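Q: One line per chain: the protein sequences are R and G, in this order.
Residue numbers 90 to 232, in the numbering used here, belong to the letters of the first sequence in order.
Residue numbers 16 to 225, in the numbering used here, belong to the letters of the second sequence in order.
There may be inaccurate statements among the hints.
What the hints assert, rightly or not - With the Cβ distance kept under 7 Å, some of the chain G side facing chain R (calculated, not the full set):
1) Leu120
2) Ser147
3) Asp159
It should be emphasised that the hints constitute simulated quantities derived from the structure, not laboratory data.
This structure is a prediction, so every number in the text was calculated from the model and none was measured.
Glycine residues also receive a C-beta, built at the ideal position from the N, C-alpha and C atoms.
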Amino acid sequence: MDIRLKGDRITDNNHIARYCRPSQIDNGKIQASAFFLREDEDGLSVNWLDFLNCTDRDSEVCALKLIYSNKFSVGKTAKIAIIQVGQMCNKVRMESHDRRNLSVVHAPSFDDESHSEIYNLRPDNELIAELILETILESYPAR
Amino acid sequence: MFDHYVPVKLNIPYFDQSILFDYPGESQNIGAWNWYEKNQDQATFFNSSQINNYSKDDFVTPFVQENILEVEEKQVLNLIFDIKRTSYISNREIISRKLLNLYFLEKEEGLDGFGIAIGSLRNFYHFLQLYSNIKIPMISLTPDATIYTSWKEHDHLFSINFLSDGEVRFVVFKPNDTNPKHKIRLSGSATADTIMELISTQGLCDWIFG
Chain R
90 MDIRLKGDRI TDNNHIARYC RPSQIDNGKI QASAFFLRED EDGLSVNWLD FLNCTDRDSE
150 VCALKLIYSN KFSVGKTAKI AIIQVGQMCN KVRMESHDRR NLSVVHAPSF DDESHSEIYN
210 LRPDNELIAE LILETILESY PAR
Chain G
16 MFDHYVPVKL NIPYFDQSIL FDYPGESQNI GAWNWYEKNQ DQATFFNSSQ INNYSKDDFV
76 TPFVQENILE VEEKQVLNLI FDIKRTSYIS NREIISRKLL NLYFLEKEEG LDGFGIAIGS
136 LRNFYHFLQL YSNIKIPMIS LTPDATIYTS WKEHDHLFSI NFLSDGEVRF VVFKPNDTNP
196 KHKIRLSGSA TADTIMELIS TQGLCDWIFG
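Let's have the full structure, built from the sequences with the hints guiding it.
A: Encoded structure:
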């Protein structure tokens, strides 16, 4: 889908959260596989934290946990990775082979108004995912 | 015999929950593994919705015919057991336990599919047979159920995505000794039998092999 038809582009000073499944975590550490696209996906699902309009990070994490639990079965050892959009985009642009420009676009759904997507992860998803992994600011249990 | 029910359970007579719950903690139930290796045709799996319909005593008999495994799921488990039994793979116990844990984590989430892509697992096993003294990697699954391994040491990284078609895609991060402000970042694709030859020139062999 043409990303210009989707919602607003999320600017650099905002934060996003990525749900990391238990199988994407080893020994408590999130792995780059948490930032891989499925074969049939164009955009990586994340949540726009600032859209939640919470007072602090703990409240944001609580809000996310509620969103996740309403949408799908949350794994016992799943985690939430917090990333700043600008740090992620800058790192990928500066350190990828092709100066990749990632786009983070607001893509609300009926059951998740903060839902957003990261585009331009392909080709070379493995390298891009490892770069994104290095920009994780903090992580929390997802339930 | 069982203290509580688990989302996915292997129905064997000497089973306790240690296989599923003790990783990465205490030792696994060797008796349970040994029984399964000899009696795979008799093993059945329960999903979480069925498990609560059974009382403890129902698990005493090994021949309850409920939710029989698909052929490919058994192939995945058999291959994990093959890894465990391949004596010349130096870290086979921990690696096979990690794989089994990943398999059950995926099944627990109730997703369609077989937990781990069988082609990826074969590819990974082939790699382990070729490089049997490899150090224990971090192991995870991609959304397409392929195996993703990572070795990290200080500011060195070597990661491999084992695809189902026999190819691997790899990533290497390492310091740039000539220009310390910059890092060297490599990525590409190869096959399991050529990947180490490709990266041996990158000075990674010292810290990847045990």
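Q: Indicate, hint by hint, whether the structure satisfies it.
A: Against the structure, the hints come out as follows:
1. Leu120: 5 Å, holds
2. Ser147: 21 Å, violated
3. Asp159: Constraint on G:Asp159 satisfied, holds at 5 Å.
Violated hint for the displayed structure: number 2, the only one.
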